[in-house]
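Number of protein chains: 6
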Amino acid sequence: MFFHRQELQFKAKPDKPDAVFARKLQEVLGGQYGEITVAMQYGFQSWNAHIPGKYRDLLFGIGAEEMGHVEMLATMIAQLLEDAPLGVVEGAAQDDPAVAAIVGGTDPQHAIVAGAGARPVDSNGNPWSAGYVTASGNMLADFTANANAEMQGRLQVARLYHMTDDKGVKDLLAFLLARDTMHQNQWIVAAQELREEGIEDLPVPITFPVSKENREVSYQYINFSDGQHASEGKWASGPTPDGKGQFEYVAEPPQGVPMPPPTKPDVRFHGTTERPGTLEKAAGAVQDALHKE
Amino acid sequence: MFFHRQELQFKAKPDKPDAVFARKLQEVLGGQYGEITVAMQYGFQSWNAHIPGKYRDLLFGIGAEEMGHVEMLATMIAQLLEDAPLGVVEGAAQDDPAVAAIVGGTDPQHAIVAGAGARPVDSNGNPWSAGYVTASGNMLADFTANANAEMQGRLQVARLYHMTDDKGVKDLLAFLLARDTMHQNQWIVAAQELREEGIEDLPVPITFPVSKENREVSYQYINFSDGQHASEGKWASGPTPDGKGQFEYVAEPPQGVPMPPPTKPDVRFHGTTERPGTLEKAAGAVQDALHKE
Amino acid sequence: MFFHRQELQFKAKPDKPDAVFARKLQEVLGGQYGEITVAMQYGFQSWNAHIPGKYRDLLFGIGAEEMGHVEMLATMIAQLLEDAPLGVVEGAAQDDPAVAAIVGGTDPQHAIVAGAGARPVDSNGNPWSAGYVTASGNMLADFTANANAEMQGRLQVARLYHMTDDKGVKDLLAFLLARDTMHQNQWIVAAQELREEGIEDLPVPITFPVSKENREVSYQYINFSDGQHASEGKWASGPTPDGKGQFEYVAEPPQGVPMPPPTKPDVRFHGTTERPGTLEKAAGAVQDALHKE
Amino acid sequence: MFFHRQELQFKAKPDKPDAVFARKLQEVLGGQYGEITVAMQYGFQSWNAHIPGKYRDLLFGIGAEEMGHVEMLATMIAQLLEDAPLGVVEGAAQDDPAVAAIVGGTDPQHAIVAGAGARPVDSNGNPWSAGYVTASGNMLADFTANANAEMQGRLQVARLYHMTDDKGVKDLLAFLLARDTMHQNQWIVAAQELREEGIEDLPVPITFPVSKENREVSYQYINFSDGQHASEGKWASGPTPDGKGQFEYVAEPPQGVPMPPPTKPDVRFHGTTERPGTLEKAAGAVQDALHKE
Amino acid sequence: MFFHRQELQFKAKPDKPDAVFARKLQEVLGGQYGEITVAMQYGFQSWNAHIPGKYRDLLFGIGAEEMGHVEMLATMIAQLLEDAPLGVVEGAAQDDPAVAAIVGGTDPQHAIVAGAGARPVDSNGNPWSAGYVTASGNMLADFTANANAEMQGRLQVARLYHMTDDKGVKDLLAFLLARDTMHQNQWIVAAQELREEGIEDLPVPITFPVSKENREVSYQYINFSDGQHASEGKWASGPTPDGKGQFEYVAEPPQGVPMPPPTKPDVRFHGTTERPGTLEKAAGAVQDALHKE
Amino acid sequence: MFFHRQELQFKAKPDKPDAVFARKLQEVLGGQYGEITVAMQYGFQSWNAHIPGKYRDLLFGIGAEEMGHVEMLATMIAQLLEDAPLGVVEGAAQDDPAVAAIVGGTDPQHAIVAGAGARPVDSNGNPWSAGYVTASGNMLADFTANANAEMQGRLQVARLYHMTDDKGVKDLLAFLLARDTMHQNQWIVAAQELREEGIEDLPVPITFPVSKENREVSYQYINFSDGQHASEGKWASGPTPDGKGQFEYVAEPPQGVPMPPPTKPDVRFHGTTERPGTLEKAAGAVQDALHKE
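Protein chains in written order, with UniProt numbering: chain A, 1 to 293; chain B, 1 to 293; chain C, 1 to 293; chain D, 1 to 293; chain E, 1 to 293; chain F, 1 to 293.
These are calculated hints, taken from the structure and not from any lab test.
It cannot be assumed that every hint is accurate.
Said to hold, decoys possible - Within a straight-line C-alpha distance of at most 30 angstroms, the following computed DSSO-like cross-link-like pairs (lysine-lysine) qualify:
#1 D/Lys16 with C/Lys167
#2 E/Lys264 with F/Lys11
#3 A/Lys281 with E/Lys167
#4 D/Lys11 with D/Lys212
#5 B/Lys167 with B/Lys13
#6 E/Lys264 with A/Lys167
#7 C/Lys16 with D/Lys264
#8 C/Lys11 with C/Lys234
#9 A/Lys264 with B/Lys244
#10 C/Lys13 with D/Lys16
#11 C/Lys167 with D/Lys244
#12 F/Lys264 with F/Lys13
#13 C/Lys11 with C/Lys264
#14 E/Lys244 with F/Lys170
#15 E/Lys234 with F/Lys244
#16 A/Lys167 with A/Lys13
#17 A/Lys212 with A/Lys234
#18 B/Lys167 with A/Lys170
#19 C/Lys16 with D/Lys212
#20 D/Lys264 with B/Lys234
#21 E/Lys16 with E/Lys234
#22 F/Lys234 with F/Lys244
#23 F/Lys234 with F/Lys11
#24 D/Lys16 with D/Lys212
#25 C/Lys11 with D/Lys11
#26 E/Lys244 with E/Lys13
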């Protein structure tokens with residue numbers, strides 16, 4: 001169950017309206033790595049979890065926080081739009097770049113659809129999609145997804161930080177940056193702990209017996225480009241992080257196997273095939289098939 | 001530039017047709033973590049790279065391999081569909097569950113749209129979307145995304161491995177499992193190497209000065225749920241992986257700040273507000289605004 | 001801020017596994033009118049609200065409840081999948097229709113992607129999209145949207161009720177049906193109250209002066225089909241609900257106005273136009289334009 | 001069957017080109033509540049209708065009108081783009097904000113894809129999606145959806161009205177505003193008539209026996225937020241619109257039920273579970289399962 | 001303007017219910033090449049047309065026909081679902097494959113969302129997307145798109161023809177096949193006529209001066225694969241259809257040009273670059289930039 | 001298998017940064033008819049091909065070239081963004097329209113998500129979708145799709161050519177224009193060759209017996225609009241391109257057939273029907289059905 005309190009975790013109040021920045025801020029609200037994504041991702045990971053205890057509690061604990069971040073950003077965006085001018089008809093205002101940013105000037109739906117409100121979309125107006133969510137039931141994979149999400153998130157907030165000089169906005173971004181710092185660190189140690197406790201390990205999923213995979217190519221870097229420098233990395237020689245092998249550098253892909261011949265499905269799929277003599281015969285084959293139908 | 005050779009990296013030949021499994025196999029071809037995703041992801045990461053040398057060569061080298069995996073899976077799917085029965089009218093065949101799997105029985109587009117061919121979609125028929133791709137220009141974030149992608153990928157292939165008893169299919173899956181093992185290991189050491197060489201570090205992006213973030217909450221686990229066990233994890237105390245702080249456990253979220261008052265944008269957005277006395281007055285305000293237009 | 005408690009509002013426990021029904025139940029979790037939609041919709045309406053007080057409190061109060069419904073359904077779906085058989089290789093099981101429902105049999109992503117977990121998608125596997133959300137800032141419009149959402153929601157749950165005989169599932173559906181009954185009633189009276197208090201009225205938005213619209217056609221039913229019975233409805237004569245006019249039935253659309261002539265944009269858009277004599281001349285016009293570039 | 005006449009229902013001719021407004025106008029052509037949505041929605045509702053007569057005739061009659069509105073808006077947009085400047089190379093023109101609006105300046109696809117033509121997209125360039133359409137077969141639910149669609153539509157047109165000072169455009173908007181006024185009124189009385197005629201009623205669907213729902217919570221407002229004002233609304237006490245109960249205000253959610261324990265699906269889904277002793281044992285369990293495959 | 005008549009162009013009445021085929025038939029209603037696509041495509045092409053007369057009249061004339069085809073298919077689908085059994089609880093019925101096809105058995109939304117009605121989606125339940133529509137303003141390109149659409153359409157209907165033995169359904173499919181035959185022929189001659197009349201020609205767009213393109217590679221087939229047989233086609237030698245050159249076969253791609261060095265954008269994008277000495281220096285560069293902000 | 005070489009087919013180096021044009025160029029990278037589309041389309045057509053030899057070799061040969069075009073455009077876009085200014089805080093720069101084009105000014109994701117890198121999206125930021133791909137297994141249909149794709153592609157590049165005066169960019173566009181010229185010509189002769197060799201013919205699919213279609217309407221142009229000029233085209237009289245008939249002009253659609261009566265599905269779908277007497281009776285019917293459940 002979720003409960004709501006009419007407070008914000010941190011103040012979300014801009015110094016002045018800025019419709020252009022409001023649009024940009026949508027990215028970390030409704031984008032691929034925005035707050036809706038992590039709120040939903042941690043939610044589905046917790047509901048799909050297979051063990052009780054600290055890992056699931058962690059997911060529950062942070063999931064609800066992220067829903068509050070959704071709220072903070074939506075609140076901020078609505079205020080950035082609050083006193084921005086309405087539109088084209090205030091022609092005069094447009095002479096001054098400092099106030100050129102009308103509501104809906106860059107994201108028209110801010111004006112037309114939401115009436116100067118926040119929307120569940122990214123900075124290009126793409127509606128948020130659950131196709132962004134990762135929740136596989138395997139915690140080592142998912143915590144790695146989470147670590148990435150928080151890295152991308154902090155990176156995006158850092159970029160946004162340079163795109164505004166509004167003190168109120170920067171304060172909120174500074175708060176979000178710090179939380180993303182925490183969450184990066186957190187998912188990284190949580191992943192480590194899974195490994196240290198023998199619950200999960202590399203390669204994911206550890207429960208699939210490696211003996212069943214094609215071990216000949218399990219640790220080969222195979223170079224399908226003509227750059228030579230990939231041989232210099234730690235992925236080209238030495239022990240592998242899963243502790244089960246040694247990296248090997250293969251400078252050129254070995255010869256492959258011949259492609260199987262092209263498929264020839266049922267004639268009634270009407271694909272283009274080598275016709276048996278003439279088109280008439282081909283049509284005849286279909287006719288025969290039709291007779292049997 | 002890309003060059004194509006009419007060979008496959010590994011043989012992709014099923015023992016027998018299986019239209020139901022063909023649909024399932026679409027997931028690792030055209031799904032969120034399918035081969036199209038990683039091929040495109042490594043491609044865009046290489047084109048957006050900001051340093052020459054081993055890291056970019058690594059991206060180039062593996063990106064082209066993944067395009068070949070797309071090809072292997074498409075080839076396999078087309079063959080799984082090749083001799084599967086066409087459809088409803090072969091009613092008799094449907095009595096036998098072993099051969100009930102007609103082309104298009106579970107993914108109708110395999111039959112109707114592709115004529116027993118592979119499609120760039122996932123196992124539920126959702127077209128592949130570039131919304132799955134991650135390429136931020138920050139390599140530590142992106143390599144973490146890549147490690148996750150290979151984990152999710154190997155996990156999905158492992159699950160598929162249990163859903164078929166076709167030896168030819170299993171051979172291909174065993175090959176893909178091994179390559180995913182390699183790629184998981186590879187991205188993990190590549191991420192480590194970035195840190196060891198001082199090129200990138202935690203928290204991502206390391207170049208954003210942490211002094212600008214709100215350091216008070218940079219290492220706090222704040223528990224927004226009522227589970228008590230999250231305090232037992234390594235994210236609740238002890239040093240942080242970024243080497244810059246100590247984790248702290250906050251059992252209950254501190255009091256927040258009051259929400260800012262609701263926004264009151266321009267009357268001409270026609271939002272619902274407290275009306276100044278009567279609706280007539282409200283309409284009057286809009287009229288006034290209209291007169292100025 | 002949102003807080004999570006590790007309880008469910010109502011028990012969500014099926015009597016037995018049922019992977020087929022798990023897929024169907026996804027509709028009211030992640031479909032157009034599923035719980036994610038209303039949770040997000042009430043959230044964005046509250047964050048975009050322009051007046052404090054009872055209406056916004058109502059939105060806050062119910063929004064958090066709906067997030068809890070998301071959780072109940074995800075929990076139920078995971079359990080419906082929990083002990084369902086894994087897949088094709090248990091061929092024998094497939095003889096018996098009663099247990100034919102393997103995990104991923106109809107939604108393969110339940111098995112391959114989520115490992116027998118719930119997903120943020122609808123019953124056809126379409127990822128939830130924020131394109132379903134309505135939050136305009138105008139409460140009379142939005143409360144009508146909400147009433148509709150709860151009607152569609154109750155309708156879908158009622159249909160699902162007939163598609164299972166699992167007592168545990170039916171109990172949860174009976175609970176959801178009752179909440180949808182409440183929420184239908186609630187949004188309808190909330191919309192009435194807005195009108196009674198003179199805060200908003202028909203036609204929405206009441207603050208736009210009707211004198212600015214083309215009043216000649218404000219109350220005409222114009223019949224663009226050849227059915228004759230639409231003249232029998234209350235929309236064909238009598239007073240209008242907005243209290244500002246009388247319905248009128250127009251049996252046949254009046255003659256329209258001529259279409260404007262086709263557009264002729266800049267030649268450099270290379271649209272197909274009447275060529276000035278010859279293609280050479282047309283190319284010449286582009287050449288001229290190019291010279292000026 | 002549909003027939004086309006080369007006339008417009010109302011003149012659609014702008015006074016001057018305006019590529020910026022052309023983009024904004026796309027919202028009411030191809031957005032969530034644009035004319036394509038209502039044309040398709042009324043179409044599918046009519047084709048899925050289960051009773052002949054006035055209600056279906058109403059749907060047929062208005063559906064075709066909406067297709068004509070699609071045409072009017074497309075025609076208008078093409079003209080708004082017709083004589084707008086082409087692009088960057090007319091640098092000089094960009095000095096003057098009044099003519100800065102080049103074709104494709106804000107929606108590049110207007111220029112690159114359509115050659116100064118209209119597109120079936122919204123004002124942010126999102127392609128129209130049938131995910132916007134509602135057609136459930138239940139007329140009370142669907143007419144409520146229709147009333148909402150016309151409210152959102154009129155609201156959006158009203159907002160657009162303030163964003164232009166083009167007399168020709170405003171004339172068309174004034175026409176659309178009036179039609180939306182009609183259609184709001186119409187769906188509201190049609191919904192009333194369904195109830196008065198005993199064909200459908202609250203709660204939707206009336207044919208599902210309320211005795212089967214969990215009546216204890218059918219009329220409770222349960223407050224999941226900490227605002228106190230929701231108790232002041234008509235949804236907190238008094239009779240319910242469905243005539244079957246009394247509203248009740250529940251200031252705080254009653255205690256919930258414990259969550260069921262986490263699921264433990266088949267080991268071959270490779271989810272993260274409490275491992276039976278060691279990872280080796282876990283892998284052993286999968287091995288055992290594999291042997292049986 | 002569009003007018004509706006309550007007739008169908010051709011009878012659409014199945015002999016018996018068939019929920020499985022109803023789902024398949026959705027493809028040609030709401031799929032990439034379904035009737036909604038062509039109805040919208042011809043509509044937008046007509047509204048974006050730049051010349052009056054026969055070509056635009058052709059688009060208007062056929063566009064309305066296609067809307068009628070949408071209606072015929074929706075009507076057919078609703079009837080295929082009409083008397084199909086409801087669902088799981090009629091367990092007994094499932095023993096008999098001939099009647100196993102419950103409503104929503106393969107497309108659950110047929111049951112849950114539409115109540116045994118048609119939906120604006122394809123056979124995998126993907127909502128129709130305006131991303132399928134082509135309307136560029138260039139008629140030779142667009143008529144080629146139309147010819148393709150009618151080919152894909154007829155191909156899909158032909159495949160569907162083999163998947164049913166319902167006489168009523170086959171009658172409708174036979175009608176659609178014939179119309180697709182007409183429309184293929186029609187767009188091909190219309191494209192020819194554009195060329196013969198000197199209105200448009202190859203290469204599209206003919207008005208762009210070929211002298212501005214890189215003529216060295218205008219007629220070269222460059223072989224980026226290792227197959228040798230492409231040299232045998234008419235695209236490898238001989239005159240080109242545009243009448244302006246001779247095909248040439250290039251057996252191997254000529255050497256390319258070196259890639260430009262990786263980009264180095266502003267440090268404040270926090271991309272991964274070669275760090276100037278140490279990470280501290282890198283952070284310093286950002287600090288400097290921040291000071292200037 | 002695919003191999004990568006660190007060269008470009010043609011130089012891709014702009015003279016100067018131009019973030020606005022970078023966004024526009026995204027269209028031909030990640031749009032409906034961008035290079036990702038054709039690369040994937042030719043790939044899937046080759047993997048789904050049913051005959052070995054020249055046609056499949058052609059698809060393999062050009063598919064890999066198109067992947068190289070993806071790379072060239074991504075490389076170009078990254079450079080167009082490389083030295084463009086970062087954002088709002090450089091307020092002064094915004095006074096000068098010539099340098100107003102900040103990174104992310106029109107496509108914010110260029111800045112926030114990609115850090116001044118290319119993205120797999122179109123010029124409005126829509127992620128590339130595999131819904132754009134055509135690969136049916138029928139080569140005459142698919143080659144026609146390909147001819148169209150190359151026409152739309154060249155048209156879009158031509159339009160872009162007029163929107164920049166950057167010599168480096170124009171050079172790349174001139175190269176792409178020439179390749180599109182080649183590819184248009186190539187697919188047209190390939191389609192002809194299929195017909196000349198008797199492998200495929202009109203109407204597609206030629207293997208479906210035309211005797212099974214409704215021949216009465218196979219060559220009729222039926223005019224569903226009131227324009228009179230369509231009678232003047234070659235599609236209104238004379239021989240048809242498939243060599244099997246004569247075009248016929250039908251000035252007005254013949255009378256249709258009556259619509260079938262509305263459907264009446266199972267009462268448990270709760271659709272709105274004529275109620276048998278009273279709502280109570282209707283509910284009773286559902287009750288009866290429920291009892292049987």
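Here is what the structure says about each hint:
1. D/Lys16 with C/Lys167: Roughly 66 angstroms between the alpha carbons, so the hint for lysine 16 of chain D and lysine 167 of chain C is violated.
2. E/Lys264 with F/Lys11: Cα-Cα ~19 angstroms, so holds.
3. A/Lys281 with E/Lys167: This hinted pair holds, its Cα atoms lying about 26 angstroms apart.
4. D/Lys11 with D/Lys212: 54 angstroms, violated
5. B/Lys167 with B/Lys13: Distance ~9 angstroms between lysine 167 of chain B and lysine 13 of chain B Cα, so the pair holds.
6. E/Lys264 with A/Lys167: 29 angstroms, holds
7. C/Lys16 with D/Lys264: Distance of about 14 angstroms is within 30 angstroms: holds.
8. C/Lys11 with C/Lys234: Outside the cut-off at roughly 45 angstroms; violated.
9. A/Lys264 with B/Lys244: Violated. Lysine 264 of chain A to lysine 244 of chain B sits at ~62 angstroms, over the 30 angstroms cutoff.
10. C/Lys13 with D/Lys16: Judged against 30 angstroms, a Cα distance of about 64 angstroms means the pair is violated.
11. C/Lys167 with D/Lys244: This hinted pair holds, its Cα atoms lying about 26 angstroms apart.
12. F/Lys264 with F/Lys13: Violated. Lysine 264 of chain F to lysine 13 of chain F sits at ~65 angstroms, over the 30 angstroms cutoff.
13. C/Lys11 with C/Lys264: 65 angstroms, violated
14. E/Lys244 with F/Lys170: Judged against 30 angstroms, a Cα distance of about 22 angstroms means the pair holds.
15. E/Lys234 with F/Lys244: 26 angstroms, holds
16. A/Lys167 with A/Lys13: This hinted pair holds, its Cα atoms lying about 9 angstroms apart.
17. A/Lys212 with A/Lys234: Within the cut-off at roughly 26 angstroms; holds.
18. B/Lys167 with A/Lys170: Violated, at roughly 59 angstroms.
19. C/Lys16 with D/Lys212: 21 angstroms, holds
20. D/Lys264 with B/Lys234: 25 angstroms, holds
21. E/Lys16 with E/Lys234: Status violated; Cα separation ~50 angstroms.
22. F/Lys234 with F/Lys244: Measuring from Cα to Cα gives roughly 15 angstroms; hence the hint holds.
23. F/Lys234 with F/Lys11: 45 angstroms, violated
24. D/Lys16 with D/Lys212: Cα-Cα ~62 angstroms, so violated.
25. C/Lys11 with D/Lys11: Violated - the C-alpha atoms of lysine 11 of chain D and lysine 11 of chain C are around 59 angstroms apart, more than 30 angstroms.
26. E/Lys244 with E/Lys13: Violated: lysine 244 of chain E and lysine 13 of chain E sit about 53 angstroms apart, past 30 angstroms.
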